[in-house]
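Student: The lines below spell out each chain.
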Amino acid sequence: DTGVSQNPRHKITKRGQNVTFRCDPISEHNRLYWYRQTLGQGPEFLTYFQNEAQLEKSRLLSDRFSAERPKGSFSTLEIQRTEQGDSAMYLCASSPGTGGNEKLFFGSGTQLSVL
Amino acid sequence: EDQVTQSPEALRLQEGESSSLNCSYTVSGLRGLFWYRQDPGKGPEFLFTLYSAGEEKEKERLKATLTKKESFLHITAPKPEDSATYLCAVLGAGGTSYGKLTFGQGTILTVHP
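Chains as they are written, first to last, in this note's numbering: chain A, 1 to 115; chain B, 1 to 113.
This is chain A alone, in the form it adopts within the complex:
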């Protein structure tokens, strides 16, 4: 069990630039989630994949955000035209997807700073 892997760990960008983050879930997990966490707050749900299908998106996920999970393996989260308010920790989590006992395994996150 190598755990959920996220890259990069840190990203500093200028306002208006595009950024892309990658998440590699635990290999046998078919459910994948993206969350966002700001300082002093708990994580907030962004989106959910069952295999390659994106089944749910939060209203927090504006049209500048897009997530993909090709072939149901790794996932990418892209933010276009970044704004200072996008600065946060972006967390990826995966789960086995067997029934309703949803124990999420989180990665260590990508810390985004928008200057």
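Derived from the structure by calculation, the hints contain no laboratory data.
It is possible that some hints are incorrect.
[Stated by the list, open to error] Below, a list of computed lysine-lysine pairs in the DSSO-like style, where the Cα atoms sit at most 27 Å apart: (1) B/Lys59 / A/Lys103; (2) B/Lys63 / A/Lys103; (3) B/Lys42 / A/Lys57; (4) B/Lys69 / A/Lys103; (5) B/Lys59 / A/Lys14; (6) B/Lys57 / A/Lys57.
[What the hints assert, rightly or not] What follows is a list of derived Cβ distance ranges for each label pair: (7) A/Thr38 / B/Glu81: 18 to 28 Å; (8) A/Glu68 / B/Lys68: 24 to 34 Å; (9) A/His10 / B/Thr5: 29 to 39 Å; (10) B/Glu17 / A/Ser66: 44 to 54 Å; (11) B/Glu81 / A/Pro96: 43 to 53 Å; (12) B/Ser52 / A/Thr13: 44 to 54 Å; (13) B/Ser19 / A/Thr76: 38 to 48 Å; (14) A/His10 / B/Lys68: 39 to 49 Å; (15) B/Ala77 / A/Ser73: 41 to 51 Å.
[Stated by the list, open to error] In silico negatives: residues of chain A with every beta carbon more than 10 Å from chain B: (16) Val4; (17) Pro8; (18) Lys11; (19) Asn18; (20) Glu56; (21) Leu61; (22) Asp63; (23) Phe65; (24) Thr76; (25) Leu91; (26) Gly97.
Glycine residues also receive a C-beta, built at the ideal position from the N, C-alpha and C atoms.
With chain A fixed as given, assemble chain B onto it according to the hints.
Tutor: Leaving out everything else, chain B in the frame of chain A:
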């Protein structure tokens, strides 16, 4: 809309001094209440899932309990390595996802030797 409020925001304890963290919630159709531990610079780590009022779960020095309106995380004789942020989350009946959790803001626990 599901809501979770945790108290206190921060708690400082001496090693061996037992205490409790509170998680109050409102949810339409509780499917599960979760406790996670988060260390600085890392993602949350799963601790417990509780499903119905009256349920209790234990792990080492931690014990989680659940009522219809709140959950408590009891810490017995804590050690410095228990220092972390403890997050409470609920899974409600809305949405298609089993992992669409609503988290509280967390309680930062510091245990001094």
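Student: Can you name, in rising order, the numbers of the hints this structure does not satisfy?
Tutor: 5, 6, 8, 11, 16, 20, 25, 26
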